[in-house]
Structures are given as C-alpha cells and as structure tokens.
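K.L.:
So the protein sequences, as listed, match chains A and B. Take the position in the first sequence, starting the count at 1, then add 92; the result is the number in the working numbering. Take the position in the second sequence, starting the count at 1, then add 1189; the result is the number in the working numbering.
One should not assume that every hint holds.
Listed below are the simulated DSBU-like cross-link pairs for lysine-lysine, each with C-alpha atoms no more than 30 Å apart in a straight line [what the hints assert, rightly or not]:
(1) B:K1257 with B:K1225
(2) B:K1256 with B:K1245
(3) A:K105 with A:K149
(4) B:K1259 with B:K1225
(5) B:K1256 with A:K149
(6) B:K1225 with B:K1256
(7) B:K1245 with B:K1225
(8) B:K1245 with B:K1259
(9) B:K1259 with A:K149
(10) B:K1257 with B:K1245
(11) A:K105 with B:K1259
(12) B:K1225 with A:K149
In case anyone wonders, no lab produced these hints; they're calculated from the structure.
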Amino acid sequence: KAGVTQTPRYLIKTRGQQVTLSCSPISGHRSVSWYQQTPGQGLQFLFEYFSETQRNKGNFPGRFSGRQFSNSRSEMNVSTLELGDSALYLCASSIDYTYNEQFFGPGTRLTVL
Amino acid sequence: GEDVEQSLFLSVREGDSSVINCTYTDSSSTYLYWYKQEPGAGLQLLTYIFSNMDMKQDQRLTVLLNKKDKHLSLRIADTQTGDSAIYFCAERVYGGATNKLIFGTGTLLAVQP
C-alpha cells in the first residue's frame, strides 16, 4: 500500500508570492492534517480536513488556507509569503478523525527568499 | 495548557539501551505517540500508547507512561547506529471539534559505534 505522498518535495519562492502544496493520503484514508515544522517553533498544527470539511484549525494567520477534494486529496495554500514561512510542511493521513494512528508524508520543504 | 517537553540530546553506544523522556501537561490527552525523524525525511510512527495503559512493548521498543506525573518514556533496547535520528513524543488532544497532535521539541539520539 502506498504511503502518504506530497508534492512538490522542494519549493523556492520569493516574498509576496503565493504557493500551493499537495498531499495525497493513504488509499482509504479520509482525514488529512497539515503541520508546519521550523527550527524555532518545532512542529505546529495547521489544520485538519475530513470529508472535504475543515474540522479544526491551528493558530495561524488567514494567509494559510486549505481544502480537501472528494478523493480525499488535500491542498494547502499560503498567500503573500513571508520569510518566516520557510519551513517543512508535513501532511498526515488517518482513516478518519477518530482513528488513533496518523501517518506522515515526507514533507514539502518551502524556502522563501 | 498544551505543552510537551523533551531533553534535546542523548548519546549512547551501540548495543546499549536508550531512554528518551517526555513530559506533557494536557490531562485530556487520549493517546501518546513516539515518532522518529531521519534527516530530510518525514515522521515515522514508531509506537503509541493509550492513556489508560502503563506500558506497551513492541519488539525493541518499550513505552512507559506515568499518568500521575504526566511522564512518558521510550526505551530502545540494543540501540543500533540506524536508530540515530530525532525522536518526537506527541500527545493527541481530542474532543468536540478538536483533534490534533501536540509535539515535543524532539530529542536527537546519537548512537556511537
């Protein structure tokens, strides 16, 4: 069974641009969560989607948004990029939001210049 | 409050046991997890324990949970050089509209040959 896939793996953008990251969960998994990992703040929860609905959101500005499609694939978007948005963005999937196991993808490394 | 703390660094010799410690603060935690992150990679789920259990063993891994002290530990028996990585503990905060993982700062495990 294929794991969680994230594309692209690496991105370089400049300040003010916007970016879209993609996550395909494990087949049969319907819940997708996103996390941001930085050296300074560690791993922080961004948001969670289930059945195309955002169920909860972390403490991030409105520039961070996401969505989930009917096939459970998810995208997150960051608009008006800032230098501090440089991070590893990790996607995790689970069967549903009540399930206790979350499996992570390899992440997308975003660098903002 | 939500806070998970870990020591930053642990060095052991190959063949010895490693013990990585973690403390958490949220008493509503349901599950507690250990993840492993190798350089340039995402998070690999190693094991997890339900909050009403004291211990869980899975091959070389033993998880101990002291719920009274909110202390979690991961013991790796017969540590190998391939175990060198960053280890994150995480608590799952779940209830109502909330479902997210709160991660610790990570412990870098260095295994000396």
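K.L.:
Are the Cα positions of B:K1257 and B:K1225 separated by 30 Å at most?
P.N.:
26 Å, holds
K.L.:
Taking 30 Å as the top limit, are the C-alpha atoms of B:K1225 and A:K149 close enough?
P.N.:
Holds. B:K1225 to A:K149 sits at ~25 Å (cutoff 30 Å).
K.L.:
Between B:K1256 and A:K149, is the straight-line Cα distance small enough, at 30 Å or below?
P.N.:
Cα-Cα ~28 Å, so holds.
K.L.:
Taking only the CA atoms, is the gap from B:K1259 to B:K1225 under or equal to 30 Å?
P.N.:
Measuring from Cα to Cα gives roughly 21 Å; hence the hint holds.
K.L.:
What's the verdict on A:K105 and A:K149, does the C-alpha distance respect the 30 Å limit or exceed it?
P.N.:
Within the cut-off at roughly 24 Å; holds.
K.L.:
Is the hinted pair B:K1257 and B:K1245 satisfied, with a Cα-Cα distance of at most 30 Å?
P.N.:
17 Å, holds
K.L.:
Given the hinted pair B:K1245 and B:K1225, is their Cα-Cα distance within 30 Å?
P.N.:
17 Å, holds
K.L.:
Given the hint that B:K1256 pairs with B:K1245, test it: the Cα-Cα distance must not exceed 30 Å.
P.N.:
Holds - the C-alpha atoms of B:K1245 and B:K1256 are around 14 Å apart, at most 30 Å.
K.L.:
Checking one constraint from the list: CA of B:K1225 to CA of B:K1256, max 30 Å. Satisfied?
P.N.:
Distance ~23 Å between B:K1225 and B:K1256 Cα, so the pair holds.
K.L.:
Keeping to a limit of 30 Å between CA atoms, is the pair of A:K105 and B:K1259 held or broken?
P.N.:
Judged against 30 Å, a Cα distance of about 42 Å means the pair is violated.
K.L.:
B:K1259 and A:K149: Cα distance at most 30 Å?
P.N.:
With Cα atoms ~26 Å apart, B:K1259 and A:K149 stay inside 30 Å; holds.
K.L.:
B:K1245 and B:K1259 were given as a pair; does the straight-line alpha-carbon distance stay at or below 30 Å?
P.N.:
16 Å, holds
Hint compliance for this structure: hint 11 is the single one not met.
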